[in-house]
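Enquirer: Take a look at the letters that make up each chain.
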Amino acid sequence: MTGAPPPATVTVTVDGKDVAVPPGTLAVEAARMAGVDVPVFCYHPKLSLAGACRMCMCEIGMASPPGQPPRPPGLMTACTTRVSNGMTINTEAPAALKAREGVIEFLLINHPLDCPVCDAGGECPLQDNSHAWGPKEGRFTEQKRLARKGAALSPLVVLDQERCIACYRCTRFMDEVPGEAELAFFSRGFASELRTAGDAPMKSRFQGNIIDLCPCGALTSETYRFKARPQDLDHADSVCGLCPVGCNVILDTRSNQVTRVRPRQNEAVNEIWVCDKGRFAHHWSSSPNRLSGPWVRGADGLHPATWRQAYQEAARRLAAVKAAHGGGAIGVIGGRNLTNEDAHALARFAAEVLETPHVDFRVGAQVAEANPLSPFGLDAFNTGLDAAEKAGAILLVGTDVHDEVPVQWLRIRKGVKAGARLVVAGPRATEADRLAFHRLRHRPGSELALLVGILAALVESPPLDADGAPRDLSGLAAAIGGTGVDQAAVHAGVDAVTIRAAAATLAGARDPLVYVGARLAIRHDAGAIGMAVGNLGRALGYPARVNFLVEGANGRGAEWAGLVPGPGGLPAGHIIAKAAAGEIKALYVVGENLLETHPDAAQAREALERAEVVIVHELFPTVTAQGADVVFAATGLMEKDGTTTSVEGRLQRIYAAVHPHGSDRVPDWRILSDLAAAMGAGLGYSAASEVTKDLLADVPAYASLEGKLPGSAGVLVRAVAVPAAGGGGFLTAPFHLPTAPRAAAGEGSTTTSPGRARMPADQREREAPPAVPPSPAAALGALAAGGGALFLVASPEIVGHETIVAETPELLSTVPEAYVEVNRDDAARLGIVAGGLVEVRGPAGAVTRVARVNGRVPSGTCFAPENLGSPRINAILRWSTEVPLVTLRPVVVEGAEATGAAVAGAR
Amino acid sequence: MALSQAARTRIVDEFIPRYPSKRAALMPALWLAQEEAGWLANETFEEIGELLDLHVTDVAAVASFYVMFHRRPVGELLIEVCENPSCYLAGSDATHARICERLGLPAGHGHGMQSTADGKYSVRPTECLAACDYAPVVQVNLRFHGPVRADDVEAFLDDPARFSIEGKPSFSMVAGPQALAVDGWEAGAPEDARSQGGSRASG
Ligand code: SF4
Ligand code: SF4
Ligand code: FES
Ligand code: FES
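Chains A and B are the protein sequences, given in the same order.
If you count the first sequence from 1, position 830 lands on 1480 in my numbering, and the numbers rise without skipping.
If you count the second sequence from 1, position 133 lands on 169 in my numbering, and the numbers rise without skipping.
Bound-form chain B, shown alone:
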């Protein structure tokens, strides 16, 4: 699970100089490592610790604070079902249960992250995704999808893209707000990103 040379270079040459202290580069470094490997292994913490002069425990502890950093491998599709009030009132618990059922996983919110044996899917409940106007909202690999009602689950699993919410871009933690780089959103068009992002904030 070693960091690629490109990632190391990027951490050293780009992230570290960006901040007044090396430790501040930890979050983008972790994110970059996760983007590469899909999850964060202990050796990765050690490598990052070495680059940033941090004790490996410090690195691991910071990563453990955020649910978006994965300490275990996750499926190719990470499906996160919002369980907060707006979505819940719109039936997200049933959506979650149906997704689990269709994937052969035990249903119910108490399970946290669950993955299918083939490594294709991981499912977990999540907190408000700030897209309540599309409740019940489901996030797939950090892209918003919704509304996905229980009855929509088969169709959704067939082709999640059909439920993708236009104009709600995901966010690159590595590049930061200056350079939102997602499909269809060219890096270097931050003005656009912001204006569109702003217009969608209907709630």
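Just chain A, same shape as in the assembly:
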């Protein structure tokens, strides 16, 4: 009744021991703080409270008000009871023990007790709790309930309904964490069972997590079922090697093969989750399709060779090119999926042995500068991943976070659930749009115009400073050349009202956060976008809360290790273009299937064919490897000791789970060191730890570590010292918006031009890729004349037809058939029906795709995933600064095999 502030802690007594805990703590957590583990089934700290199982019963007493007689304690569920001052929690009171015994007896009434054939046996909370708290025997002698066993909820997760104890962890997870409530209990009581609507297979890319959450063997993994017992497994701490989030994982192995991947808790990175790609796509390591040793090209094509032959051959060929044309005639591409040690060795190899500045891990890159925020003295990524949880607003530009950084999407969702307002800018709807507070559906390629629009809106109504006065943004007005919101809005194709509203949301938010997609950091206008994004951070008063994502499991590590163009060096896209033009004579490709990943398959093939020498490091005999002169069989991330650096700049250690002994595969750093020796230079490495030592000494980002590697949680490091908040003025971006957007040509076409902000001519000269084919206006006219020209947006899906995925057939079977997404109006106009086949014709050819007809893409635009289908969509595209235009035509059944000019499919 007093107005006193609530106490900072309350004191409770757990089994006779006093502990002070924060108010609002759950009794079960208070007990844990006192060192007492209360048994639970349904309770999970990452999920909402259910109180479904009654396993956590404790005898809990409340202090009685002063002057009142003491109240008798009672049985309460510790997982739903919040502490109050003077509370007594007796976890082992006779009544509590009896209640628990009863709960276990009831749970086991209908439990099959098939532990001997249950995957969970040996790591099963139900088993453990039954042993610890259950009665000696049950009294139930009737027929147990019979229900579905071995039922596939999807190709990845298997349900045994008889084992399920109805704790609702799985359903709560699906509903609350990825927000995909595709699993639920149907019917009720005795008849309850887990199902999906219409028994459709679960689609979520996070569903594997329910296997970990299930406290018994009701949910098991299709790929791990009956493969091992937990006590048979060896474990290696590692980091997922499939995207830049860098989820911490444990690799469980048996007989030197990875049998499963489990998340390893790291609250700063992945909490306790992984996505299904990270969990299931590990069979590549033990695949018989792997390269088992090096290959060398002879007169009759590629044939297996010894390592000595391979080194000598590669050394001879590279030396010849170097002697004839200089090191500058060699281009080095790849390295985004290597360890830091490999990347460091590769950077040294390029600089010291090949002596070329043309090094780049960023496939398709059109600009040399790898960090668009460098003019601001910022790293490309400046906050921790966990910052998304506490942000007041989050702006996403040019990224489908669900597919680009999957587990980080879960963190963003968490932030939104905690109140962050999500501003989603993109040319099409993505998963993030479901939670968007503002949707900015801009024209393809017009991200810069959109960002300038947001800046202009901030100039119009500046954020308020701490003293309530509007911030002085006159410098920003000058930096954007006085561009107005309406002008920018026209170019972006977004209405000015929405831009202003989004800007106001960002300006009014505490700790706003900006994520920009990795592709925008390598595109021709990356410099200008970096300027806009940096200015945005400064205008909002949070200069260091702007972040560019990066591609590849170790893209950030590769950037910092120096796998980026040196002085005068060409970015990866230009290296390929120049190789295709015959100016670059040799290509050194590390772990990159360029025919699938370079944005222009024909150009990549041209480059590989035209280059006099092609050396490849690979895991699999990909098409790119098959065109090489020397192929080195490398080990993958699960097979290596070393470090990686995640998108946020976290240096993390990985330990080899699989040892290559007996096979003829070698880690990349060793290939490079040995090849250097064959070329008479020698990097001088004989152990990964030696490279690590050099790496920590040589790479400025790691200087703060003083040579010491971090522990299991990794350590967040920065390449650039983060400036003090608010510091610095605004920088002028090298761009201008054309006075009017180009009008679409062609009759019956509803397409409008993407409002691509143009760089000034001189800049364009320098940055525009050479050998760009026909002028876009001409292409537009030609295509629109056909009646169906649409802008094509392409980006990778989280799980596609990549070689590494293909080695896990269960996962591969969840990948949809290659499709093109078309707006309903365009589909109606072009005679395209949902599910029908469509010929997608671009500047370099045509492919056939299945049509998805919906409202997720606006009229005038279509979307095709980059990593689906054979051939990939890059088979029809040209590497260019323009947004590609394609025409769509329904395919008549006889023509179903018309797949157009294209390279052969996956490897």
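It is worth saying that the hints were derived from the structure and are not from the lab.
Any given hint could be a false lead.
[What the hints assert, rightly or not] The calculated DSBU-like cross-link candidates involving lysine-lysine, where the alpha carbons are at most 35 Å apart (straight line), are:
1) B/Lys58 / A/Lys1067
2) A/Lys1040 / A/Lys1064
3) A/Lys1064 / A/Lys696
4) A/Lys1067 / A/Lys696
5) A/Lys877 / A/Lys799
6) A/Lys696 / B/Lys58
7) A/Lys853 / B/Lys58
8) A/Lys877 / A/Lys696
9) B/Lys58 / A/Lys1040
10) A/Lys748 / A/Lys786
11) A/Lys696 / A/Lys853
12) A/Lys799 / A/Lys786
13) A/Lys877 / A/Lys794
14) B/Lys58 / A/Lys1064
[Unchecked claim] Chain A is nowhere near these chain B residues, computed Cβ spacing over 12 Å in every case:
15) Pro109
16) Gly144
17) Arg179
18) Arg185
19) Ala197
None of these values were measured; they are calculated from a predicted model.
Idealized CB from N, CA, C, for every residue including glycine.
Please arrange chain B with the ligands on chain A, whose structure you already have, making use of the hints.
Expert: For chain B with the ligands alone, coordinates are given in the frame of chain A:
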């Protein structure tokens, strides 16, 4: 099995605003859909899910909780025979068996819902209908009928209306208690409905 435009409009304009959360409109929406189609198909769940921003699984799971939502087509006449104690003691098991027998369906309570091939009848046992004073009670398309003893079954099937219990109205789940709209009970006469409903509660 698509929802009619009228139903969609009603869900959006009438049901959703009635509650603080969209999800709360799920029950009347499901009921309305069932009144239209007689049963609930998966596509209907999808449509309702779209209208209420719910995952289709959520919609289907809620529907599965209630036996009064049908996941399969039911006959024109849905005959539900009470199998709880008052009715059982009055011989409802024999009533149920006789109905099944007359309709050419296997008898016995273990069968759940059974329908005749011509789609005319569906029969199933049900829990206490709160009309024990008319035991054995049989519900036909949500209207109370009773007592229907085994010997009455032929007459009952001939003309169920003869066994209809006056003053025991069915209940519109869509309209809610404010507007009981059943034959002879005009919407907007809730006072009446309640007083009559109250007077019949003899047990
Ligand atoms: S399947 Fe497992 S997690 Fe899901 S409710 Fe049953 S016991 Fe709980
Ligand atoms: S989110 Fe990325 S790092 Fe995490 S498990 Fe998935 S692919 Fe691996
Ligand atoms: S753990 Fe407390 S009720 Fe389940
Ligand atoms: S027992 Fe049959 S109506 Fe109550």
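Enquirer: Work down the list of hints and note, for each, if the structure agrees.
Expert: Evaluated hints:
For the proposed pair B/Lys58 and A/Lys1067, the alpha carbon gap of about 18 Å is at most 35 Å, so the pair holds. About 9 Å separates the Cα atoms of A/Lys1040 and A/Lys1064, which keeps this hinted pair within 35 Å; it holds. Using a Cα cut-off of 35 Å, the hinted pair A/Lys1064 and A/Lys696 holds, with the two alpha carbons roughly 11 Å apart. At most 35 Å may separate the alpha-carbon atoms for a hinted pair to count; A/Lys1067 and A/Lys696 meet this at roughly 13 Å.
Under the criterion of a C-alpha separation no larger than 35 Å, the hint pairing A/Lys877 with A/Lys799 is consistent with the structure, at around 18 Å. Distance restraint check for A/Lys696 and B/Lys58: the Cα-Cα separation of roughly 26 Å lies within the 35 Å cut-off, and the hinted pair is therefore satisfied. Distance hint between A/Lys853 and B/Lys58 is fulfilled; the C-alpha atoms sit about 24 Å from each other, no more than 35 Å. Of the pairs offered as hints, the one joining A/Lys877 and A/Lys696 holds, with about 29 Å between alpha carbons and a cut-off of 35 Å not exceeded.
With a C-alpha separation of about 27 Å, the suggested pair B/Lys58 and A/Lys1040 falls inside the 35 Å cut-off, and the hint holds. Distance check on the hinted pair: A/Lys748 and A/Lys786 sit about 12 Å apart at the alpha-carbon level, within 35 Å; holds. For a cut-off of 35 Å, the pair hint linking A/Lys696 to A/Lys853 stands: about 22 Å separates their Cα positions. Of the supplied pair hints, the one linking A/Lys799 and A/Lys786 holds, its CA atoms being roughly 27 Å apart against a limit of 35 Å.
Proposed proximity of A/Lys877 and A/Lys794 is supported: the alpha carbons are some 28 Å apart, at most 35 Å. Annotation: proposed proximity of B/Lys58 to A/Lys1064 holds, straight-line Cα distance about 22 Å (limit 35 Å). Every CB of chain A is more than 12 Å from the CB of B/Pro109 (nearest about 16 Å), matching its label as outside the interface. Taking the minimum C-beta to C-beta distance to chain A, about 18 Å, the non-interface status of B/Gly144 holds against the 12 Å cut.
No Cβ of chain A approaches the Cβ of B/Arg179 within 12 Å, the least distance being about 26 Å, so the stated non-interface status holds. The non-interface label for B/Arg185 is consistent with chain A: the shortest C-beta to C-beta separation is roughly 31 Å, beyond 12 Å. For B/Ala197, the requirement that its beta carbon stay farther than 12 Å from each beta carbon of chain A is met, with the minimum near 34 Å.
The structure agrees with every numbered hint stated previously.
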